[in-house]
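A.B. asks: Line by line, the protein sequences give chains Y and B.
Oh and the first sequence: position 387 is 387 in my numbering, straight run, nothing missing.
Oh and the second sequence: position 113 is 113 in my numbering, straight run, nothing missing.
Quick caveat, the hints were computed from the structure, so don't treat them as lab data.
Incorrect hints may have been included.
[Unchecked claim] Dumping the calculated SDA-like pairs for lysine to any residue here, alpha-carbon to alpha-carbon at most 25 Å: (1) B:Lys126 x Y:Leu259; (2) Y:Lys322 x B:Asn230; (3) B:Lys120 x Y:Val271; (4) B:Lys126 x Y:Tyr423; (5) Y:Lys114 x B:Gly91; (6) B:Lys120 x Y:Lys375; (7) B:Lys190 x Y:Glu302; (8) Y:Lys375 x Y:Leu259; (9) B:Lys126 x Y:Arg422; (10) Y:Lys322 x B:Lys165; (11) B:Lys120 x Y:Leu259; (12) B:Lys126 x Y:Leu409; (13) Y:Lys114 x Y:Asn309; (14) B:Lys165 x Y:Pro332; (15) B:Lys165 x Y:Leu311; (16) Y:Lys322 x B:Glu249; (17) Y:Lys322 x B:Val105.
[Stated by the list, open to error] DEER-style ranges, computed between Cβ atoms: (18) B:Asp147 x Y:Leu344: 14 to 24 Å; (19) B:Asp146 x Y:Val211: 33 to 43 Å; (20) Y:Arg230 x B:Val105: 25 to 35 Å; (21) B:Pro103 x Y:Thr234: 53 to 63 Å; (22) B:Tyr41 x Y:Tyr222: 33 to 43 Å; (23) B:Pro103 x Y:Arg422: 17 to 27 Å; (24) Y:Thr234 x B:Pro85: 53 to 63 Å; (25) Y:Gly241 x B:Pro103: 58 to 68 Å; (26) B:His229 x Y:Tyr222: 54 to 64 Å; (27) B:Asp213 x Y:Gln43: 24 to 34 Å; (28) B:Ser169 x Y:Gly241: 53 to 63 Å; (29) Y:Gln43 x B:Gly175: 35 to 45 Å; (30) B:Pro85 x Y:Arg422: 33 to 43 Å.
[As the list claims (entries may be wrong)] In silico contact screen, one side only, chain B against chain Y (beta carbon under 7 Å); selected entries: (31) Arg111; (32) Gly140; (33) Asn144.
No experiment lies behind these values; they were computed from the predicted model shown.
The beta-carbon is built from N, C-alpha and C at its ideal position, and this holds for glycine as well.
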Amino acid sequence: MNNRQVWARGQHGRGEEPADEERFESDLGRRHRTGRAWRIAFQASTVIGIVALIALLYTIVVKSAGLVAVENQVDPASLAVDGVPVQDQSKEQLLAILEEHLSTGTMRRLESEKPFAGRSQEEVYQLVLDRVVEPMIVASWPLTESQLNRKAIEAEVASDYPNAQLQFRSWLNADFLLNPQSSQPELAGVRTAILGSLWTIVITIAVAFPVGVGAAIYLEEYTRNNWVNRIIQTNINNLAGVPSIIYGMLGLAIFVRMLEPLTSGSLFGLVDPTTANGRTILSAGLTLALLILPLLIINAQEAIRAVPNSLRQASYGLGATKWQTIWHHVLPNALPGILTATILAISRAVGETAPLVVIGVSTYIVADPNGPFSKFTTLPAQIYQWTSRPQDEFRNLAAAAIIVLLAMLVSLNAAAILLRNRYSRRW
Amino acid sequence: MSSDRQPVRITTRPHLAGVPAPEIGHNGNYAIETHDLSVYYGGFQAIREISLPVRRRQITALIGPSGCGKSTVLRAFNRMNDLIPGARIEGQVLLHGQNVYAPEVDPVEVRRRIGMVFQKPNPFPKTIYENVAWGARINGYRGNMDDLVERSLRQAALWDEVHDKLQESALALSGGQQQRLCIARVIAVKPEIILMDEPCSALDPIATLKIEDLMRELARDYTIIIVTHNMQQAARVSDHTAFFMIDQERAGTLIEYGPTTQLFTTPHDKRTEDYITGRFG
């Protein structure tokens, strides 16, 4: 008799079989099989999630780099004067090139955008590249194809685009991060969008954090459990589930329209009231703050509720007032949780597009936002706009911008986590 | 005793044997006293008309079976019940003849003058030093804080164990040390009365003994009221004992109150005798 059989006979090994109705049918084999089946099911769900995530990253990365065929309208080499390549020429020489190649109307328009006298050599060089050389990407291929099918692509370029050069291009590069928006995919960048996103987030945090934490403290520590407060609580919970576009409409009605003098800055004399427009960073930040408030309040309440009551009792027992108890014990101990709540809320706000579209995010601006009253665009709005363009190249740009957005989210979260860990080790 | 069960072996301190039962009514000998105190939680009456004068600089133990309201009585002394939504009281709690529930009395001040030590050690998640100093600081202590911390820790018999790690976390201490730290924290705000709600129930026997010794020390300067489930503990440390039970409507009532020696040796009430001999509870 092997071990298992001995165990299976168990306590009845002495041969006295108990009455049928009192016997245990433990059926361990079946119970373990059920457990294993569930374990496999849970593993499968995890695997599905990971596969989906990898697929997403793959499609983005593959699009963000690859071979491109570039055609220049004017060969930059032909613009060289006395062997000096075009990028090293003086501002005057570059202006001469511009005048030679562009119509007087175009020149006048450029002058009225920003006087040539006020432009630096780099700016004029950029104009020469944009307007005269005009490199055009006529075709692009994703990364995998570029690596595996290089021969076929070369043949295709030679037959279809005889004037084009084939080169490898990473759409995500330093120029992409530093350039403003442009209608030409090879020149377009995300600087304005990154700055717009950062400005918006700063305003969102500045408004939502104190208001959200304040409301959470009030609801957790001060209110009594009566029907008014239960209704308020229920409403906050429901607001967290309201589609974000509804918040966009709210923001449009309140911040863009009603509070226009405030959000456009004309109240402070920053712009001419006749041209004031409430579609500014301030409006966007306030709208996103409204959007994340319920989320922030609920999670901050959760964090405050998790502070053990024994701490409050100890504090009161020593003759502390309610405020001293909250300030010295409840808040410091809830802070890591509150910061986690803030991280989650900010991540949500950074990625929001719909409400910004409703309140009128600019899809095409080249000027950096320089304050809360600027017109602006944000990364997700920029991505959304690029993906809806007909040219393939803009989708490469969108892929690169998605990587930038992801990197920004990760670094925001990392900063918040560092902050949280710092506060949890306060003593 | 017509019981087949052995009575609990009780040792009392003999010098208290002759002390007469305290009288009801304001008297300089009493640190705090309740008059017809009833506490309600919502519609439920938790304790009924309790009149309990507590002698100054002595240890008074509140004993009784679970749910008999002894903790509620204790928390009524320093108005901790105010923090429970729906709790209200009737009757009076007199501290030096002054009703602590009078409208002009600030419960925050009451809680400073009547300190409290809880069942589970609950030091703040701060340094040992900060645990002792915090209460004094928020109450506006103007003296030398280092001296106060040392004095309080010495009084709580903890100084020798922690004097070289005052800046370390209080949570690193053992349970018994944490409880003595909680006592030091209370002493630091200079209360007149210290309430202890089953202070040893989460501790091992050795830590319990240390706390009990400490309580006897502290009774020279402070009035101590202790709730305990442990009758031997009540007998060991207390000068007076109050025995509570629930009545027919489940409200706690005071059955018997007297010097510990007398209550444990010659109880007047049959129910007290049944309880202390271990027949129920």
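A.B. asks: Confirm or reject each hint.
C.D. replies: Verification of the supplied hints:
Between Lys126 (chain B) and Leu259 (chain Y) the CA atoms are separated by roughly 46 Å; this puts the pair beyond 25 Å, and the hint is violated. Simply put, Lys322 (chain Y) and Asn230 (chain B) have alpha-carbon atoms about 34 Å apart, too far for the 25 Å limit, and the pair is violated. Pair hint Lys120 (chain B) plus Val271 (chain Y) does not hold up; C-alpha atoms about 63 Å apart against a cutoff of 25 Å. As the CA atoms of Lys126 (chain B) and Tyr423 (chain Y) are separated by approximately 13 Å, the hinted pair is consistent with the 25 Å bound.
A C-alpha spacing of about 84 Å is found between Lys114 (chain Y) and Gly91 (chain B), which places the hinted pair above 25 Å, so the restraint is violated. For the hint pairing Lys120 (chain B) with Lys375 (chain Y), the CA-to-CA distance comes to about 58 Å; that exceeds 25 Å, so the pair is violated. Taking the CA atoms of Lys190 (chain B) and Glu302 (chain Y), the gap is near 36 Å; set against the 25 Å cutoff, the hint is violated. Restraint check for Lys375 (chain Y) and Leu259 (chain Y): the C-alpha separation of about 16 Å stays at or below 25 Å, so the hint holds.
This hinted pair checks out: Lys126 (chain B) and Arg422 (chain Y) have alpha carbons roughly 15 Å apart, not beyond 25 Å. Distance hint between Lys322 (chain Y) and Lys165 (chain B) is unfulfilled; the C-alpha atoms sit about 30 Å from each other, more than 25 Å. The suggested pairing of Lys120 (chain B) with Leu259 (chain Y) is violated, with an alpha-carbon distance near 54 Å, which exceeds 25 Å. At roughly 33 Å between alpha-carbon atoms, Lys126 (chain B) and Leu409 (chain Y) are farther apart than 25 Å, so this suggested pair is violated.
Between Lys114 (chain Y) and Asn309 (chain Y) the alpha-carbon distance is near 64 Å, which puts this suggested pair outside the 25 Å criterion. Of the pairs offered as hints, the one joining Lys165 (chain B) and Pro332 (chain Y) holds, with about 23 Å between alpha carbons and a cut-off of 25 Å not exceeded. For the hint linking Lys165 (chain B) to Leu311 (chain Y), the alpha-carbon distance of about 22 Å falls within 25 Å, and the restraint holds. Proposed proximity of Lys322 (chain Y) and Glu249 (chain B) is contradicted: the alpha carbons are some 35 Å apart, above 25 Å.
With a CA separation close to 16 Å, the supplied pair Lys322 (chain Y) and Val105 (chain B) stays within the 25 Å bound. In this structure, Asp147 (chain B) and Leu344 (chain Y) break the distance hint of 14 to 24 Å, their C-beta atoms being roughly 47 Å apart. For the hinted restraint 33 to 43 Å between Asp146 (chain B) and Val211 (chain Y), the CB-CB distance of approximately 41 Å keeps it satisfied. Evaluation of the 25 to 35 Å hint for Arg230 (chain Y) and Val105 (chain B) yields a pass: the beta carbon distance comes to about 32 Å.
Hint check: Pro103 (chain B) to Thr234 (chain Y), Cβ distance near 36 Å, so the stated range 53 to 63 Å is violated. Taking the beta carbon of each, Tyr41 (chain B) and Tyr222 (chain Y) are about 21 Å apart, not inside 33 to 43 Å as hinted. The hint said 17 to 27 Å for the Cβ distance between Pro103 (chain B) and Arg422 (chain Y), and at roughly 46 Å that hint is violated. Range check, Thr234 (chain Y) to Pro85 (chain B): Cβ separation about 19 Å, and the 53 to 63 Å hint is violated.
Between Gly241 (chain Y) and Pro103 (chain B) the Cβ separation comes to about 45 Å, which falls outside the hinted range of 58 to 68 Å. For His229 (chain B) and Tyr222 (chain Y), the Cβ-Cβ distance of about 35 Å falls outside the hinted range of 54 to 64 Å, so the restraint is violated. The beta-carbon spacing between Asp213 (chain B) and Gln43 (chain Y), approximately 58 Å, falls outside the hinted interval of 24 to 34 Å. The hint said 53 to 63 Å for the Cβ distance between Ser169 (chain B) and Gly241 (chain Y), and at roughly 41 Å that hint is violated.
With their beta carbons about 41 Å apart, Gln43 (chain Y) and Gly175 (chain B) fall inside the hinted range of 35 to 45 Å. A hinted range of 33 to 43 Å holds for the C-beta pair Pro85 (chain B) and Arg422 (chain Y), which are about 36 Å apart. Satisfaction of the interface hint for Arg111 (chain B) is found here, the shortest Cβ-Cβ separation to chain Y being roughly 5 Å, below the 7 Å cut-off. The interface hint given for Gly140 (chain B) is violated, since its Cβ lies 10 Å from the closest Cβ of chain Y, which is over the 7 Å cut-off.
Hint on Asn144 (chain B) is violated. Least Cβ distance to chain Y is approximately 19 Å, over the 7 Å limit.
Comparing the model with each earlier hint shows violations of hints 1, 2, 3, 5, 6, 7, 10, 11, 12, 13, 16, 18, 21, 22, 23, 24, 25, 26, 27, 28, 32 and 33; every other hint is respected.
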